[in-house]
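Q: Listed here are the chains, written in short residue letters.
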Amino acid sequence: MTPRPSTFAVPWLLAGPGALFFVGLVLLPLALTVILSFHAYDYSTGIQNTFTLSHYVAVVTDGYYLEIFARTLRIAALTTLICAAIGVPEAYILSRMRDPWRSIFLLVIIGPLLVSVVVRTFGWSMLLGSQGLVNQALQLLGFPPVRILYTETAIVVALVHVMLPFMVIPVWTALQKLDPMVEAAAWTLGASHFTALRRVVMPQATLGMLSGSLIVFGLSASAFAVPALLGGRRLKMAATLVYDEYLQELNWPLGATIAIIVLAANLCIMLAYNRMVEARARRTLG
Amino acid sequence: MAFLSLERVSKEFGTFTAVCDVDLAIEKGEFVSLLGPSGCGKTTTLQMIAGLVEPTKGRISLDGRDITHEKPNRRGLGVVFQSYALFPHMTVAQNVAFGLEMRRIPQAERTERVREALALVQLSAFADRYPRQLSGGQRQRVAIARALVIAPPVLLLDEPLSNLDAKLREEMQFELRRIQRKVGTTTIMVTHDQAEALSISDRVVVMESGRMTQVDAPYRLYEQPSNAFISSFVGKTNLLAGTWRRGGASSGAEIGGVLLETPAPEIADGTPVTLSIRPEKILLCDAGAGRLDGRVASRFFLGSQWLFTVETPLGIMTVSIPNHGEEPPAEGSPVGLDWSPANLRVIADNAAAA
Ligand SMILES: Nc1ncnc2c1ncn2[C@@H]1O[C@H](COP(=O)(O)OP(=O)(O)OP(=O)(O)O)[C@@H](O)[C@H]1O
Ligand SMILES: [Mg+2]
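So the sequence lines, in the order shown, correspond to chains A and B. First residue of the first sequence? That's 1 in the working numbering, and the numbers climb one at a time after it. First residue of the second sequence? That's 1 in the working numbering, and the numbers climb one at a time after it.
Please keep in mind that the hints were generated in silico from the structure rather than gathered at the bench. Given the structure is predicted, the values throughout are model-derived calculations rather than measurements. Glycine included, each C-beta is placed from N, C-alpha and C at the ideal position. Keep in mind that a hint or two might mislead.
To be verified - Residues on chain A that point at chain B, a partial pick, calculated with CB under 10 Å:
no.	residue
1	P29
2	T33
3	A185
4	G190
5	T195
6	P203
7	Q204
8	E278
9	A279
Unchecked claim - Heads up, incomplete: computed chain B residues facing chain A, CB under 7 Å, no partners named:
no.	residue
10	L52
11	N73
12	S83
13	F87
14	H89
15	F98
16	G99
17	M102
18	P106
19	R299
20	F300
21	G303
22	P313
23	L314
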């Protein structure tokens, strides 16, 4: 028996398949996209085999693209904020529920994930349309009909609906780790329920809220189905813009450029955010 | 009217009764220990007083005020939790200061009182650490400091010293006792440790599966346990099952054909009884000179005393004798056991007093 070489190989063999998948399905396409973004493009002859930075210059100098980027960031940030505002109390209530109810409501929260995003988004477009349930209700109450569909509001509403579980679950997990007696200790020391929540429970939830925010922000910024169906043709977000460049304009290098810029921007924002909050939370929570 | 009183307080979790009909009246400044086996309802009782568990039935009043349904943050009691329940994201000093902050104590006074409290539990050097950077015993002392610093009228301590080494535990017991004497804090302490309960308390409450079975001063609890469970739970004892025999002048229990004399109340001839005698009440003498003969089965040296197990016709008996600085009988040697009949107590098995 020569255990030495075989024990040396074991970690590599075990990690191999996963690494191969990662290289094949993530790194390779990403590298190809990066390479593609430096190719020149001509409307009459298609993709040229010459190196150019013109797409990058075009994107960062064109107000049209910048507006779409700004909108994407705005919508993603707003969605994250609303998800946190709804999701954190929801997770707290969930963590304080007794058992049959907790399982039931957990299912209710995760439930939306079991339905395709496209189906759910069509549901929202029916609700929010000019003759949708919301407008009918408004008219019944004597208000004038409002235009919700094809606005940023519609996109945010639907995104919040889709993303909420991704906020609730990590916060809930963080709260599960907290001894309920810690909150009780704050009460016995004279803290009101609200103060105990603010001073004792919330700091515990921050780490969960951090990971939840990252997931929600990342997914919202790159969401495709919701803005495509609820934003209409004019109200574009980054992902729908990339789609249009690829499939409407057939300008693949420009599409690739936008995709890479969005990816880079997303990465920068998330890393910075992570740094900022996590440094603070890790120090105290360990 | 007692300072703190529980009247027929019960707590049910679903169909399970954790605490049943507890009656307890505690005077101002008294130090009371709750003693009992694991799961008997000590923590539940304490948390009902603290307001963290709602009693199913009964009434709790503090200083003449009904607090049965009052919120915990309005009771102003100091609580040390069994799990410590420290705030994990605050430093030791912030943990201790929290209660003072809630009471809007000015910064300068707050700092001073936190410093004093930490000095009391010997943790001054750890003020800026986080709970996760402390050992179990250090966390426990932070919990004690956090409860003491607000100078509450009532202290509820749930096994506050369980994680400390013997020396520190003794010092903390002394401190708790000193504070309680000085400030007159009414203290209720849950403990598993019967020696701690006996040494520190004015009164000890023994709980058994949700009920209080005896409430007495430590000395009386030890000498006159009301049932066999208490006599073996509080201190060590030898329990002997026999039959009561009344015969004119001498009455006693017959066990395995031996009649053991004991002065005892009226018991009908032929009643089955349990006798109890504490190991330290038995004297070792030469074989044949005592009331019972036996052979030393094993002996343990405990420092201040020797603990013997002696094989006798009545079964194995535990005997403890003080260490006089001489070698006592070796294992296997025959010995006699002697005692004064007054120390042989009759215990009625089912609750009724002996
Ligand atoms: N929330 C609850 N739901 C159901 N049963 C409970 C609950 N809390 C406590 N119990 C039960 O009530 C009984 C008393 O619990 P309690 O915590 O008061 O015991 P204890 O005397 O403090 O024990 P220990 O010395 O081990 O701390 C136990 O049998 C426990 O299982
Ligand atoms: Mg307990």
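Q: Now look at each hint and say whether the structure bears it out.
A: Verification of the supplied hints:
Evaluation of the P29(A) hint against chain B yields a violated restraint, the C-beta minimum of about 42 Å exceeding 10 Å. Taking 10 Å as the C-beta cut-off, the interface hint given for T33(A) is violated, the closest approach to chain B being about 42 Å. With its C-beta approaching chain B no nearer than about 4 Å, A185(A) sits inside the 10 Å limit, and its interface hint holds. Interface restraint check for G190(A): the shortest CB-CB distance to chain B comes to about 4 Å, inside 10 Å, so the restraint holds.
The closest approach between the C-beta of T195(A) and any C-beta of chain B is roughly 7 Å, which is under the 10 Å cut-off, so the hint is satisfied. Satisfaction of the interface hint for P203(A) is found here, the shortest Cβ-Cβ separation to chain B being roughly 4 Å, below the 10 Å cut-off. Interface hint status for Q204(A): upheld, as the beta-carbon distance to the closest one in chain B is roughly 7 Å, under 10 Å. Because the closest C-beta pair between E278(A) and chain B is about 14 Å apart, greater than 10 Å, the hint is violated.
Because the smallest distance between the Cβ of A279(A) and any Cβ of chain B comes to about 14 Å, over 10 Å, the interface hint for this residue is violated. Taking 7 Å as the C-beta contact cut-off toward chain A, the hint placing L52(B) at the interface holds, the least distance being around 5 Å. Because the closest C-beta pair between N73(B) and chain A is about 5 Å apart, less than 7 Å, the hint holds. Residue-level restraint check for S83(B) holds (minimum Cβ-Cβ distance to chain A is 6 Å; threshold 7 Å).
Restraint check, F87(B) versus chain A: the minimum CB separation of about 6 Å is within 7 Å; hint holds. Proximity of H89(B) to chain A holds as hinted, the smallest CB-CB distance being about 4 Å (cut-off 7 Å). Annotation: F98(B) was flagged as interfacial toward chain A, and the flag holds, the nearest CB pair being 5 Å apart, inside 7 Å. A distance limit of 7 Å between C-beta atoms decides the matter here; for G99(B) the minimum to chain A is near 4 Å, and the interface restraint holds.
For M102(B), the interface hint holds, the least distance from its beta-carbon to any beta-carbon of chain A being 4 Å, beneath 7 Å. Annotation: interface hint on P106(B) violated; nearest CB of chain A at approximately 16 Å, more than 7 Å. Annotation: R299(B) was flagged as interfacial toward chain A, and the flag is violated, the nearest CB pair being 45 Å apart, outside 7 Å. Using the Cβ-Cβ criterion of 7 Å, the hint placing F300(B) at the interface with chain A is not satisfied: the shortest such distance is roughly 39 Å.
With a least beta-carbon distance of about 38 Å to chain A, the hint placing G303(B) at the interface is violated under the 7 Å criterion. With its C-beta approaching chain A no nearer than about 53 Å, P313(B) sits outside the 7 Å limit, and its interface hint is violated. Given hint, L314(B) at the interface with chain A, is violated; its Cβ is 48 Å from that chain's nearest Cβ, farther than 7 Å.
Hints 1, 2, 8, 9, 18, 19, 20, 21, 22, 23 from the list above are not met by this structure, while the remaining hints are.
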